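Generate the whole structure from the sequences, applying the supplied hints.
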Amino acid sequence: MNNLLWLIPVLPLLGFLILSLAGKSLSKTSIALIGVGSVSLSALITILIGLNFLNDPPAAGFISQTLYTWIEIGNFKPEITFLLDPLSLVFVFVITFIGALIHVYSAGFMKGDKDYSRFFASMNLFVFSMLVLVLADNLLLLYLGWEGVGLCSYLLIGFWYENPQNGYAARKAFIMTRIGDTAMAIALFMIFSWFASLQISDILLKAPQLFQQGDTTITIIALLLLAGGIGKSAQLPLQNWLPDAMAGPSPVSALIHAATMVTAGVYLIARMNVIFELAPIAQMTVAIIGAATLLIAGFSACTQYDIKRVLAYSTISQIGYMFLALGLGAWTAAIFHFMIHAFFKALLFLAAGAIIETLHHEHNMFKMGGLKNKMPVIFWTFLIGSASLAALPLISAGFYSKDPILWYAWSAEKGNMIFWAIALLGAFITAAYTCRMVIVTFWGSSKTEIGHMPGSLMTTPLLVLAFFSVVAGFIELPHNFGHFTLFSDFLHPVLPEVTMGNETWPEWIFQLMASLATFGGIYISYQLYSKNPALILRLKQSSLATALYQFWFLGWGFDRLYDILFVKPLTYLSNINKNDIVDQIYSGISFISIKLYRLLSYTQSGSLRWYAMGLLLGAIIILTIQIVT
Amino acid sequence: MNTTIPPETVMLLAALLFVLGIAGVIIRKNIIFMLLSVEIMLNSAGLAFIIAGAKWAQPDGQIMFIFILAMAAAEVSIGLALILQIYHQHKSMDIDRLKEMNG
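Chains B and D are the protein sequences, given in the same order.
In terms of the numbering used here, the first sequence opens at residue 12 and continues consecutively.
In terms of the numbering used here, the second sequence opens at residue 37 and continues consecutively.
Because the hints were derived from the structure by calculation, they are not lab data.
Hints may be right or wrong, so weigh each one.
[Unchecked claim] Each computed SDA-like pair below joins lysine to any residue, with the alpha-carbon atoms no more than 20 Å apart:
#: 1; chain 1: D; residue 1: K135; chain 2: B; residue 2: G617
#: 2; chain 1: D; residue 1: K135; chain 2: B; residue 2: A623
#: 3; chain 1: D; residue 1: K135; chain 2: B; residue 2: W621
#: 4; chain 1: D; residue 1: K135; chain 2: B; residue 2: Y613
#: 5; chain 1: D; residue 1: K65; chain 2: D; residue 2: R133
#: 6; chain 1: D; residue 1: K135; chain 2: D; residue 2: F69
#: 7; chain 1: D; residue 1: K65; chain 2: B; residue 2: A623
#: 8; chain 1: D; residue 1: K135; chain 2: B; residue 2: R620
#: 9; chain 1: D; residue 1: K65; chain 2: B; residue 2: G617
#: 10; chain 1: D; residue 1: K127; chain 2: B; residue 2: L619
#: 11; chain 1: D; residue 1: K65; chain 2: B; residue 2: S616
#: 12; chain 1: D; residue 1: K65; chain 2: B; residue 2: W621
#: 13; chain 1: D; residue 1: K65; chain 2: B; residue 2: M624
#: 14; chain 1: D; residue 1: K65; chain 2: B; residue 2: T614
#: 15; chain 1: D; residue 1: K135; chain 2: B; residue 2: L619
#: 16; chain 1: D; residue 1: K135; chain 2: B; residue 2: S612
#: 17; chain 1: D; residue 1: K135; chain 2: B; residue 2: G625
#: 18; chain 1: D; residue 1: K135; chain 2: B; residue 2: S616
#: 19; chain 1: D; residue 1: K65; chain 2: D; residue 2: H126
#: 20; chain 1: D; residue 1: K65; chain 2: B; residue 2: G625
#: 21; chain 1: D; residue 1: K65; chain 2: B; residue 2: Y622
#: 22; chain 1: D; residue 1: K135; chain 2: B; residue 2: Y622
#: 23; chain 1: D; residue 1: K65; chain 2: B; residue 2: L619
#: 24; chain 1: D; residue 1: K65; chain 2: B; residue 2: R620
#: 25; chain 1: D; residue 1: K65; chain 2: B; residue 2: L626
Computed from a predicted model, the values in this text were never measured in an experiment.
As structure tokens, then:
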């Protein structure tokens, strides 16, 4: 069974190859069969291997399979080796399982599109790259997957390339993540020069022997890795590509920009946990970045009117929670939140995509309204996803994954009150914007005509995801009730336990406050958007509120800041240098040559007497020199 | 009556002839005169060889002069033939009008 591991990434690759080579000549049905089938088979194999892994854990703690040696130069010998340990199993499960559901959904969602095969080819390539990323046993292979997902993200954001705006969004996403990728490549060089190996197990083993806690080198490596993670995971200060990435089709947003690719940074940091434990400054930076991002993105989400942009900002914010947890050393809590987030955020994106499709590509949720009774399946699944996002206590999975992060934010050794306060405020904002989104979309009066309803191909994945958005939370219950830690027990062989430090109030007070924050957020939104709309009008009249609204709406002005700091100077410089300053030297040389040639060509007059004169002068000069010297 | 002319005087004469020849080549526009000037230069060189041979009592100078003479004869015949052809084609002996380059 376990030696089928290689099939998990190879099947989507095969799907990609078939679709990209022969996609033009295949019928839509066979394209869908190949595209969906390859990922579904991977999911099936993953589940089989996963069950095997759980029932009969391998003695070494992981399964590994070497396909072949990639490069062999002296000691440097990266192999194409897939390694499945509990951490990568969680990621592989999420990628293939949610990926398969999203592929099924896409088969319905994209059926009217003329580039059906290109879509599935890119999606399959994405799944392959992402699987390579999480299954890689050395950093070089991981980097291959890392760049592969970046490429697919670019291809799929710009999928509808006829609109130049989409191409711009795609380039923006690619370039912004590229900044992080460059930092990560430097980190790999440094790791190789210090460890003489890119094998992840080697690095994790050798790091504590090579470095003291807090050494400069290890801190720099950790910070560079973090920069790579920030780029991919859309964290401060490289977060502003993600809202624009919503230009891609909704299944792409669900798969790449919510469930999987954007959490690659979380995976990288969790995988390199030993390095981050050795660099307390870097780990603190992770926590600070996470906390700042979750707050900033949360406020921005409150002001968006495009339903997908609300979800995009909430994704940034939720990944901020994961980073916060990673920074606190609560590794398993971060991974748990990743998994739950993947379920409910994929669900929300797919449901939003279904709504947008039904309402003739209407993205503005203030033009939706009153969909509660018209689209019951979408409504209920969206409501479940939203409850999970808002972390509705006890019944939603989001509560069980977010609550530990809030608790560790203060009680963990690296935590403090500020982190907790920010996380709590973030929870409040999350509930507020989620509730706003639900109320505005589904209640009130209908404002747009409804087109054809989504078919069962699209609704079935929603139901499955909704089921998991509720149930998945129960595999990890808080310490004070249930104390059922299936998920973290499963991960602890690879990820260390969180070190508790600060004496605080008992855990139930934290849970109570988190619940109060959630209900408070819901109540505020209910008041503003349903009960008392006059309040909003009054808010709109104050100039401070509108200024703040504009500021948040534009994502805290990061786009404008980067425009002034980088884009404007660059275009200005390139305008100056239109004629290429370096080239001036060479055109100068050719200019002088031409001038000299014109000058000398006067001597070639064809006048024999001048030549004789020249001869004579030359002879006289030479003779003079001979005589004088 | 064995008066010898000092070689310096003869050399001076040769130099004078040579300068005259050169001046002729440069100043004259008529090709025939230019050819004549070249002949003068050749003869001045020949004279210089003879006087040098006489000074050191060597026969080389005179041998050299015979060579120069033969060459001059050949040169003159070719040169005159060329001049004839030029005159037939261009109806002019002016060297400046014959140039075909525009440099």
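Each hint, compared with the structure:
Only pairs whose Cα atoms come within 20 Å are accepted, and K135 of chain D paired with G617 of chain B is accepted, the gap being roughly 5 Å. A C-alpha spacing of about 14 Å is found between K135 of chain D and A623 of chain B, which places the hinted pair at or below 20 Å, so the restraint holds. A distance of roughly 11 Å separates the Cα atoms of K135 of chain D and W621 of chain B; the hinted pair therefore holds under the 20 Å criterion. At roughly 14 Å between alpha-carbon atoms, K135 of chain D and Y613 of chain B fall within 20 Å of each other, so this suggested pair holds.
Between the alpha carbons of K65 of chain D and R133 of chain D the distance comes to roughly 9 Å, so the proposed pair stays at or under 20 Å and holds. Of the pairs offered as hints, the one joining K135 of chain D and F69 of chain D holds, with about 17 Å between alpha carbons and a cut-off of 20 Å not exceeded. Proximity of K65 of chain D to A623 of chain B is assessed by CA-CA distance (about 13 Å); at most 20 Å being required, the pair is judged to hold. Under the criterion of a C-alpha separation no larger than 20 Å, the hint pairing K135 of chain D with R620 of chain B is consistent with the structure, at around 11 Å.
Between K65 of chain D and G617 of chain B the CA atoms are separated by roughly 14 Å; this keeps the pair inside 20 Å, and the hint holds. At roughly 18 Å between alpha-carbon atoms, K127 of chain D and L619 of chain B fall within 20 Å of each other, so this suggested pair holds. Distance restraint check for K65 of chain D and S616 of chain B: the Cα-Cα separation of roughly 15 Å lies within the 20 Å cut-off, and the hinted pair is therefore satisfied. A threshold of 20 Å between alpha carbons decides the hint, and for K65 of chain D with W621 of chain B the separation of about 12 Å falls inside it, so the pair holds.
The suggested pairing of K65 of chain D with M624 of chain B holds, with an alpha-carbon distance near 13 Å, which does not exceed 20 Å. For the suggested pair K65 of chain D and T614 of chain B, the alpha carbons sit about 19 Å apart, so the restraint of at most 20 Å is met. Our distance criterion of 20 Å between C-alpha atoms is met by K135 of chain D and L619 of chain B, whose separation comes to about 8 Å. Our distance criterion of 20 Å between C-alpha atoms is met by K135 of chain D and S612 of chain B, whose separation comes to about 15 Å.
Restraint check for K135 of chain D and G625 of chain B: the C-alpha separation of about 17 Å stays at or below 20 Å, so the hint holds. Between K135 of chain D and S616 of chain B, the direct Cα distance comes to roughly 8 Å. Compliance with the 20 Å bound is thereby established for this hinted pair. Distance hint between K65 of chain D and H126 of chain D is fulfilled; the C-alpha atoms sit about 15 Å from each other, no more than 20 Å. For the suggested pair K65 of chain D and G625 of chain B, the alpha carbons sit about 17 Å apart, so the restraint of at most 20 Å is met.
In summary, the hint linking K65 of chain D to Y622 of chain B is supported, as the alpha carbons are separated by about 14 Å, within the 20 Å threshold. Proximity of K135 of chain D to Y622 of chain B is assessed by CA-CA distance (about 12 Å); at most 20 Å being required, the pair is judged to hold. Our distance criterion of 20 Å between C-alpha atoms is met by K65 of chain D and L619 of chain B, whose separation comes to about 10 Å. With a CA separation close to 8 Å, the supplied pair K65 of chain D and R620 of chain B stays within the 20 Å bound.
The suggested pairing of K65 of chain D with L626 of chain B holds, with an alpha-carbon distance near 17 Å, which does not exceed 20 Å.
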